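Go ahead and model the full structure; you've got the sequences and the hints to work with.
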Amino acid sequence: MTAPAKTPAEILRWETPPPPARPGNGITGSRWDQVAEQLRDERGRWAVVYEGEANNASSIASVIRMGNVACFRPTGDFEAVSRRSPATGRVAVYARYLGDGSHR
Numbered sequence: 014m015t016a017p018a019k020t021p022a023e024i025l026r027w028e029t030p031p032p033p034a035r036p037g038n039g040i041t042g043s044r045w046d047q048v049a050e051q052l053r054d055e056r057g058r059w060a061v062v063y064e065g066e067a068n069n070a071s072s073i074a075s076v077i078r079m080g081n082v083a084c085f086r087p088t089g090d091f092e093a094v095s096r097r098s099p100a101t102g103r104v105a106v107y108a109r110y111l112g113d114g115s116h117r
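Residue numbering for the sequence shown follows the working numbering, starting at 14 and increasing by one per position.
A hint or two may mislead.
To be verified - Listed next, with one range per pair, are the computed distances between beta-carbon atoms:
1) L25 / E66: 42 to 48 Å
2) Q47 / A100: 24 to 30 Å
3) L111 / P21: 46 to 52 Å
4) D54 / E23: 20 to 26 Å
5) E28 / E64: 42 to 48 Å
6) G89 / W27: 32 to 38 Å
7) R96 / R26: 48 to 54 Å
8) R97 / R26: 49 to 55 Å
9) S72 / G112: 20 to 26 Å
10) Q51 / R96: 46 to 52 Å
11) E55 / P21: 50 to 56 Å
12) L25 / V94: 45 to 51 Å
13) R58 / S115: 16 to 22 Å
14) S71 / P21: 39 to 45 Å
These are computed hints drawn from the structure, not numbers from a lab.
As the structure is a computational prediction, the values presented were derived from the model and not from experiment.
Glycine included, every Cβ here is placed at the ideal spot set by N, Cα and C.
Rendered as structure tokens:
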């Protein structure tokens, strides 16, 4: 037999929520941290950061541009585009850091 449900007043307690189970959206420790750091080290220089499926490439480029992962913030410090290579037919994401380096 299950216990009766608690009322909101019985549940209320003050505590800070734990970090998300999956790093990447707004917290440090994502798989992109090293990429962002390397782009910062070569300010203004384009680099290929992903090669693969077109849908993934478009999403990754958007994540970088919008700063949806903490390491690519503040929004606007990174530029990213996806392009299909005429030689290979593969889709790549190109990214570069444009910020002033003050947000390391």
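Going through the hints against the structure:
Range check, L25 to E66: Cβ separation about 46 Å, and the 42 to 48 Å hint holds. One distance hint, 24 to 30 Å for the beta-carbon pair Q47 and A100, holds here, with the actual separation near 27 Å. In this structure the supplied range 46 to 52 Å holds for L111 paired with P21, their Cβ-Cβ distance being about 47 Å. Against the hinted window of 20 to 26 Å, the Cβ-Cβ separation of D54 and E23 comes to about 53 Å, which falls outside the hint.
Distance hint check for E28 and E64: the Cβ-Cβ separation is about 43 Å, which falls inside the suggested range of 42 to 48 Å. In this structure, G89 and W27 meet the distance hint of 32 to 38 Å, their C-beta atoms being roughly 36 Å apart. In this structure, R96 and R26 meet the distance hint of 48 to 54 Å, their C-beta atoms being roughly 51 Å apart. R97 and R26 have their C-beta atoms about 53 Å apart, which keeps the hinted 49 to 55 Å range intact.
At about 22 Å, the beta-carbon gap between S72 and G112 stays in the expected band of 20 to 26 Å. In this structure the hint that Q51 and R96 lie 46 to 52 Å apart at CB is violated, the actual value being about 20 Å. Range check, E55 to P21: about 52 Å between beta-carbon atoms, so the 50 to 56 Å window is met. Taking the beta carbon of each, L25 and V94 are about 48 Å apart, inside 45 to 51 Å as hinted.
In this structure the hint that R58 and S115 lie 16 to 22 Å apart at CB holds, the actual value being about 19 Å. Between S71 and P21 the CB atoms are about 42 Å apart, so this pair conforms to the stated range of 39 to 45 Å.
Hints 4 and 10 from the list above are not met by this structure, while the remaining hints are.
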